[in-house]
Structure formats: structure tokens, C-alpha cells
Amino acid sequence: MSEVMIELENVTKIYGQGERRVVALADVSLQIKKGEIFGIIGLSGAGKSTLIRCINKLEEPQSGTIRLAGQEITNLKGKELRAARRKIGMIFQHFNLLSSRTVYRNIAFPLEISGVKPKERDERVRSLLELVGLADKINAYPSELSGGQKQRVGIARALANNPEVLLCDEATSALDPETTKSILRLLQDVNRRFGLTIVLITHQMEVIKEICDTVAVIDDGRIVEQSSVVDLFAHPRSAAARRFMKGVLHTEIPPEIKERMAAVGPEKLPGKTVRISFIGGVAGEPVISSVIRQFHVDVNILYAKLDFIKNTPFGSLIVEITGAETNIEAALKYLTAQGLKLEVLTGVGADS
Amino acid sequence: MWVQILNATIETIYMVGVALVVSALFGIPLGILLVITGPRHIKPLPVVHRTLSVVINVGRSLPFIILLVAIIPFTRWLVGTSIGTTGAIVPLTVSAIPFMARVVETALLEVDWGVIEAAQAMGASTWQIITKVLIPEAVPGLVLGVTMVAVSLISYSAMAGAVGGGGLGDLAIRYGYQRFRGDIMLITVLVLVVMVQGIQSFGGWLASRLNHR
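The listed protein sequences derive, respectively, from chains A and B.
Using my numbering, you'd call the opening residue of the first sequence number 65 and step up by one each time.
Using my numbering, you'd call the opening residue of the second sequence number 2 and step up by one each time.
Mixed in with the good hints, there may be bad ones.
[As the list claims (entries may be wrong)] Short derived list, chain B residues pointing at chain A, Cβ under 7 Å: (1) A122; (2) M123; (3) G124; (4) T127; (5) Q129; (6) P137; (7) E138; (8) G142; (9) R210.
If you're looking for bench data, these hints aren't it; they were derived computationally from the structure.
We put the CB at the ideal spot given by N, CA and C, even for glycine.
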């Protein structure tokens, strides 16, 4: 097993007192492995922002311990805390760049803080500018940059002191989908190149799906589910996880198909309408054509969606299978045996 | 007449200039202290914050003409005289310091909290946050604030005549009003208007030049 980079043990954070008391984190325990991209997903107000801010002690939990690379963060103060924070990069939803400084001087800022000498600083800033692809914007002010470019400056700035961990606080929430993708690719790139551990919080399942290895679902201050991203997509256990999945997996029947079924009347549909969901493995195999050949049925694909979680394909199909009833039954059994998840939506013999 | 007006103009510039610089020297650090010791800021110190706030409010609420007289012993102790242009600079400065502190406070509170937090996350010390984040980020606001104090000082300096401080206001009262010299009154007022206008325009121009937001 790879070593643990960040460890949270029974972390509790409460805001306010009396009637205004809000439990932001309730007894949260987590382990984040070195070199992984760990995603925390939750709705706004679920506590995810508090959670990530506890890791560099921007928020102080009431109880519990947080260790980073074996060092306990929770009891650090003053100089020691500042030294520890230099090894934790952080990027923000609203970028938080210094408006009075150019791109170059924004990236130089953390190096000034940690007392890096000017010559070394200059070399470091220039190589970081290359890394994030902003060498031509060196003398621009943040107000002259697009959102994506600002976040690139934010990433360069966060990497300046060669951190072991990068915290991303809703880093792509203020960006359009296209720019989000490019920022995620950059994060994935630095993760692979430098073996950097990345912790990101988001409310977008797309972000988790795109780059995370492990995911924790947070709801109402509690971690309700934690697993590898592929497992979460294959078997979401918590209601919160299923809610997030909806938009991404299309577990709903598309409206066009619903309309079609309603128009014909379910009992009059020729065969069976079945939803087939799959993840990993079988996506590469010609199951549909072997069903047609082996069982002498016709398969009409009504709807299909295929996507990838990192490198694992997943998706769902809605098909209409027609033919002799016994053949259809045999075909469905065969598909189930292939590890596919089937759901008969309607058709011959099915209850409506 | 023109010689008198020229001399009075120089006296006004001298009084306002010295008072502005000295009040900035004291008022800016006070303003910074006021902000950072506030609740939920980078160095919360409730007692210091509240005490400072009360003292500043007291200073701000004293009418200038009363302050002028009230601190005569202090003025005499500090500069050796309580009259004349030099004697007027002390009360002008004393009254401008709390004003300056509030103006600085307003400018610093405008700085985006997210940027301060980003600096904290990088491991910046309180001193580094003040010198590298708070002040540089607030520069346009600070320039406009200092401009405002300068304009107020010109208006206060007109009252310096009460202690024989000279300056344009004094000239306007003694010649323009008491000796019925309407022409002198008119010219001093014009000079004052031009001066205020000039300071305001320069301040505005400088602030927008320094603003990269």
C-alpha cells in the first residue's frame, strides 16, 4: 500500500453558539494517499470548504487531529505553522491574485515570503510560467487575464515553493466547461510529473470523473461515502452520491423515449425495452452483436451514452429487443451473465 | 497686495504640507493597527482595537477651533510657541491624525479578504501581509484618502488665523472681511478653489494610474 500523506481523525468543527450553532464537520476521518488526486464532493454548505481549509489550518477544528506527511498540523502555531504552510499549495475559486502585482510578481510572491534569493526566484518564476503556458503574459496584470489564465497563475503560484500537497478550493467552479477541462488537464499533468498529492473539493461530478482517483462524498458535515471513483460510479451507496450521479450518468429515461412509449402504449410495444448499464470491462466487447447472432433477436438501440472515468469506460444504452419471447428471455439472461446491469423498462409481459 | 497673497499662499502650503506629512506618519500606522486588530482580521486584539477606536472617535469629534485652543500648552511644549504658522501646524496635525487613521482604515478594509487569506495559506507573517498585501493592494484607496485629508487641512488652515497662523484664510478674514477689501477676499477664495481643485485632480489621476484592478 502506498503511504498516507494526509490523515484526518475525528475532526469536528462547529461555528457559532446556542441557536446559531452550525456543525460544519462532524467527526470526519479520512486518509489521503501520497500522489493521488483525492476529490471531495458535496453541495454548498455541506462542509467541504471547511474541511479543505482545516488541512492548512485556515480554519481551526474544535477537536480531532490532522496530520500531513506525519506532522501534526492541528497543534502548530506561529513560525512552525507558517513553515508547514509553505509546503502546502492552495488555489481558490476566485483565484485571489494580488491585483497590484503583475503575473511575474504574483508568482514570485510566495518565494519572497519564504526568503528565496532574487536570482533563484527569477529562474523559478520563469520555469513555472513555462509550465503553465503563460510565458507571454509575464508582465500582464491579473485584470488583463481571462479566468482560465488567472487560475493558471494561481497554480504556478501554488507550486512555487515545491509543495507536497496542493489544495484546490472549488478551483474550477468559476470557469466555463472548456476552461475547466484545460485546468483539470494541467492539474493532472502536475500530479503525474511531480507526484504531487492533490486534494480538491467541488460540487461538480464532472470534475471528480475527469481526474480523481478517490472520492469522498460529504453531506451535512459527514463523510457518507468514500471509495475509488470507478467504484462510486458502479455502485453508489449513499443517496447523496446518487444525486450527484444523475446529471452525469443519465439514470433518467430520456424524455424522447418516454414520449414514444407513452404514444404507442406500453403493451403494444413490439418487444422489450431494456436499459443496459455498464462500467469498465465489457464496453470493449461486442455483446450486442453476439446477442443478435446467438439468440435470433433484433436489437434496436434507442439511446446510448458512453463516457470515461479517467480511463475506465462507462455508460448506458436503452435498447428495444424484439423476437420470440423465449429468445428475449435467454438474451437478457446472457447479458446479465456478462456483468451488465439490466433494467426492463417495459414490453411484453412486463408490469407497467 | 500681490506680495501678501503670495506670502499667504506659501504659508498655507507650508502648514498643510507639514501637517499632511506628519499626520500621515502617525495616521497610517494607526489605521493599519486599527484594521489588523479588528475582529476576524489577521491579528485580533479586541482591547487594543476598541481603545484605539474610542480615542480616534474622540479626536474626530472635537471641533477644530476648540482643539486649537485646548492643546496650546502641548503646542508650546512641542515647538516652543503656540502662535504663528509653526504654532498652527501642531493643532492641524493633531486633528488630522485621527481623520487619517479612519481614511486608512476604510482603504484597507476594501482589500479583498481572499487575497489576504491566500497570503496566509502561503505562510506569510503578519508583517509580510501588511507590507506585501494590505498596503500595496490598498494604494489607490490610500491615495484618494490622503487627498481627502489634504483638502480638509486646507479648510482647517483657514482657522489658523485665530492663533496668528497666517495663510490664505487669515488674509481673507483680516483684509477681505475686516477691512472691506472685496478684491482680496475674491482672490484668496479663487486661489483656494484652484488649490483644492488641483489637489483633488492630482489625487484622482494618481489613484487611477496606480489602480490595476
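Each hint, compared with the structure:
The beta carbon of A122/B is positioned within 7 Å of a beta carbon in chain A (closest approach about 4 Å), and the interface hint is therefore held. The interface hint given for M123/B is met, as the beta carbon of that residue sits about 4 Å from the closest beta carbon of chain A, less than 7 Å. Interface restraint check: G124/B against chain A, minimum CB-CB distance 4 Å, threshold 7 Å, status holds. The criterion of a C-beta within 7 Å of any C-beta in chain A is not met by T127/B, whose closest approach is roughly 10 Å, and the hint is violated.
At about 6 Å, the closest approach between the beta carbon of Q129/B and any beta carbon in chain A falls short of 7 Å, and the interface hint on this residue holds. The closest approach between the C-beta of P137/B and any C-beta of chain A is roughly 4 Å, which is under the 7 Å cut-off, so the hint is satisfied. The beta carbon of E138/B comes within 5 Å of a beta carbon in chain A, closer than 7 Å, and the hint placing it at the interface holds. For G142/B, the interface hint is violated, since its Cβ never comes within 7 Å of a Cβ in chain A; the closest pair sits about 11 Å apart.
Violation of the interface hint for R210/B is found here, the shortest Cβ-Cβ separation to chain A being roughly 12 Å, above the 7 Å cut-off.
Hint check: violations occur at hints 4, 8 and 9; the rest are consistent with the structure.
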